[in-house]
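Trainee: All chains, please: the whole structure from these sequences, using the hints.
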Amino acid sequence: MSLYRTELRRLVKRRFTRYMTLLGLLVLLAVVVGTFLTNEKLDADAIARAERQAEQSYQEQVRWTAQEKAACEAAKAAGTADDGRYPDDCSVISPPPREAIETSWFLPSTFDFRESFAETLIPFAGILALVGFVIGASFVGAEWSTGGMMNLLLWRPRRLTVLLTKLAALLTGLLTVTLAAAVAWFAGFWLVATFRGNTEKMTAGVWQSFTLTGLRAVALVLAVTAVGFALASLGRHTAMALGGVVAVMVVGQFGLGILLDMAGVRFPEAWLLPTYAVAWMQKKVTLEDWQSCNATVFGECKPDTFDVTWQQSSVLFVVGVAVILGAALWAMRRRDIS
Amino acid sequence: MPAVLEIEGLRKTYKSRRRGTRNALDGFDMRVEAGQVHGFLGPNGSGKTTTLRTLLGLIRPNAGRMRILGQEVPEALPVVAGQVGAIVESPQFFPHFTARDTLSLLASAGDVPATRVDEVLELVGLRDRAGERVKTYSLGMKQRLAVASALLKNPKLLILDEPANGLDPGGIREMRTLMRTLAESGMTVVLSSHILGEIQLICDSVTIISLGRRVAFGPVDEVLAQHSSGAVRVRLEAAADLPAATEVLTRAGVRVTGQADHLMLAGVDKPAAVTRLLAEQGLYVSELTPVTVDLESVFLELTATAPVPGQHRQVDQSTKVGGPEQSGAAGGRWGA
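The listed protein sequences correspond, in order, to chains A and B. For the first sequence, the residue numbers in my numbering are 39 to 376. For the second sequence, the residue numbers in my numbering are 540 to 875.
No lab work stands behind these hints, which were simulated from the structure alone. The beta carbon of each residue, even a glycine, is placed where N, CA and C say it ideally should be. It is possible that part of the hints are untrue.
Subject to a maximum C-alpha distance of 20 Å in a straight line, what follows is the list of computed SDA-like cross-link-like pairs (lysine to any residue) [what the hints assert, rightly or not]:
| id | chain 1 | residue 1 | chain 2 | residue 2 |
| --- | --- | --- | --- | --- |
| 1 | B | 554 | A | 374 |
| 2 | B | 674 | A | 49 |
| 3 | A | 321 | A | 343 |
| 4 | A | 51 | B | 637 |
| 5 | B | 674 | A | 184 |
| 6 | A | 51 | B | 671 |
| 7 | B | 681 | A | 180 |
| 8 | A | 51 | B | 634 |
| 9 | B | 554 | A | 373 |
| 10 | A | 51 | B | 631 |
| 11 | B | 681 | A | 184 |
| 12 | B | 681 | A | 188 |
| 13 | A | 51 | B | 639 |
| 14 | A | 51 | B | 635 |
| 15 | A | 51 | B | 675 |
| 16 | B | 674 | A | 185 |
| 17 | B | 674 | A | 186 |
| 18 | B | 681 | A | 186 |
| 19 | A | 51 | B | 670 |
| 20 | A | 51 | B | 649 |
| 21 | B | 674 | A | 180 |
| 22 | A | 51 | B | 647 |
| 23 | A | 114 | A | 104 |
| 24 | B | 695 | A | 191 |
| 25 | B | 674 | A | 188 |
| 26 | A | 51 | B | 673 |
| 27 | A | 321 | A | 154 |
| 28 | B | 554 | A | 375 |
| 29 | B | 674 | A | 54 |
| 30 | B | 681 | A | 185 |
Ranges between beta-carbon positions, derived for each pair [claimed, not checked]:
| id | chain 1 | residue 1 | chain 2 | residue 2 | range |
| --- | --- | --- | --- | --- | --- |
| 31 | A | 303 | B | 671 | 57 to 65 Å |
| 32 | B | 635 | A | 286 | 26 to 34 Å |
| 33 | A | 309 | B | 654 | 55 to 63 Å |
Mentor: Given below as structure tokens:
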């Protein structure tokens, strides 16, 4: 227990941990503030103004189509209408129906908590996962590269216990920060919705759904943090984790994406990690193959689809974390420390 | 006296596809008795640090037995670690922590009372600089901090690898006094160092390692005596008598090397016999000095690492026990 407390102290004492956490929280704050500033509450005036703008837009369309229709007929009369600019029959040039120009297009942006909050949990998880990855990698990587790990093992010569205790302390720290940030995130967007949108139709089911999505975000942050920690421990340097993730993203994701696209693979996104991260957060991502056509009774072409579910994502992430963490533990147990 | 540290037949082999096999430790033996200051000497690359790392569980040996405080290690390391303080090679600490933070975290991890931190900082002379970040420290100050970290547990066995590295002359003397004080208080100290004058001054016993094997061990006096050549320097009242004296002594079976103003004799058991021999021939001695060997010359002789003019000795060129004198490719180098 003393080692666990010591590692928690070490984590909190490190400047890098403090600065990275602060930076991550500031970015989250900037997202909340940005959302606040770019949204506004809808009142009767705003709706009336939007209706006037929609009507104005409709009238502009009517005027424009009348002009075009006249120009078309003039071109026909002059015999210069065969350049493809106008249709064969000028009567088909007609304004759109009034209801096609929706009032909502002219409404200012407003934050509907029920509709929009779940989406905000994706950047929340992404930003904190990045912070966790870098802090996790640095926490153990710097210990290896500065000799701190060796010093510690002279005091506590149980290698696996030391590494797992460090990981436990790291995850505790990240869990604390993530939970606190999640509460602040919920509260922040509730305020945004209250003052720059609406909080209507919030049922117990919606709250439950948001809570579960939030918990999945927390799990994602902790998994990515553990991967950063394990990679840096495996390479015994922070740069191993950072270099590894750059290699995976550049070669394994961008490169693979281009290759799969060139090879004409049907659902190239199914091979890319971000798809699974989004599926984990949204519960499901539906990929579409626009090179295929499934005819409907209405004569439409529907593309083939492929669903990536949160269950598939969870299997992938659990196996990935287990393999990388297992390799780090194996290396810790077997490799000489020199 | 009971042994605090025992090593028997320790082997550590490094294998590389490209460079073959290298025996860093090749059946190494060592024994350190309680309450001693024990010097652990060897040329660069001879296996000193590998021995210490293996002993402390950082490196896995291929064969051999090790015991610390009567317990088999590495199996019992978790049990004895609290009684062993160690620094291995150059001091390494997280650069952005202060010395006090560094020691405080170690003390906390090892269940050592926090009050001990200030005691050891005082002991190594870092009390007034304890609040500064380690990255601002000189090498000597980091070395002091390393010693402080090793002393934090108030160990029964203290293992120090090059503790005087980077210390100023005053610091070296303080370190010497500290080692002696610790030994007098009952602590056993194993000291690896290349400053052989220091080792000779403060150590009770030594082990000398070369290419992974022990080449000499025992109390310092005994090791020196075993390798004393019985050399004697002789001066006569008249330098003109030196050739005659050379002839007399050579006839008596003494090996004589003539110098401009004196003679160097080798293999002399009783210096008084030289006086008598020369006086019988009317040759009178003005100086007769037994030449004592020091640890440095013994070390250079035993490890065959004395510099030779015009030659550039490579790190693995030293004595191998049970092998050729200049081992060269005798199993201690890559590819052997």
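Trainee: All the hints need checking, so say for each whether the structure fits it.
Mentor: Hint check:
no.	hint	verdict
1	B:554 - A:374	holds, 13 Å
2	B:674 - A:49	holds, 19 Å
3	A:321 - A:343	holds, 16 Å
4	A:51 - B:637	holds, 11 Å
5	B:674 - A:184	holds, 11 Å
6	A:51 - B:671	holds, 15 Å
7	B:681 - A:180	holds, 18 Å
8	A:51 - B:634	holds, 13 Å
9	B:554 - A:373	holds, 13 Å
10	A:51 - B:631	holds, 18 Å
11	B:681 - A:184	holds, 13 Å
12	B:681 - A:188	holds, 16 Å
13	A:51 - B:639	holds, 13 Å
14	A:51 - B:635	holds, 10 Å
15	A:51 - B:675	holds, 18 Å
16	B:674 - A:185	holds, 14 Å
17	B:674 - A:186	holds, 14 Å
18	B:681 - A:186	holds, 13 Å
19	A:51 - B:670	holds, 14 Å
20	A:51 - B:649	holds, 18 Å
21	B:674 - A:180	holds, 14 Å
22	A:51 - B:647	holds, 14 Å
23	A:114 - A:104	holds, 15 Å
24	B:695 - A:191	holds, 18 Å
25	B:674 - A:188	holds, 18 Å
26	A:51 - B:673	holds, 14 Å
27	A:321 - A:154	holds, 16 Å
28	B:554 - A:375	holds, 16 Å
29	B:674 - A:54	holds, 15 Å
30	B:681 - A:185	holds, 13 Å
31	A:303 - B:671: 57 to 65 Å	holds, 59 Å
32	B:635 - A:286: 26 to 34 Å	holds, 29 Å
33	A:309 - B:654: 55 to 63 Å	holds, 59 Å
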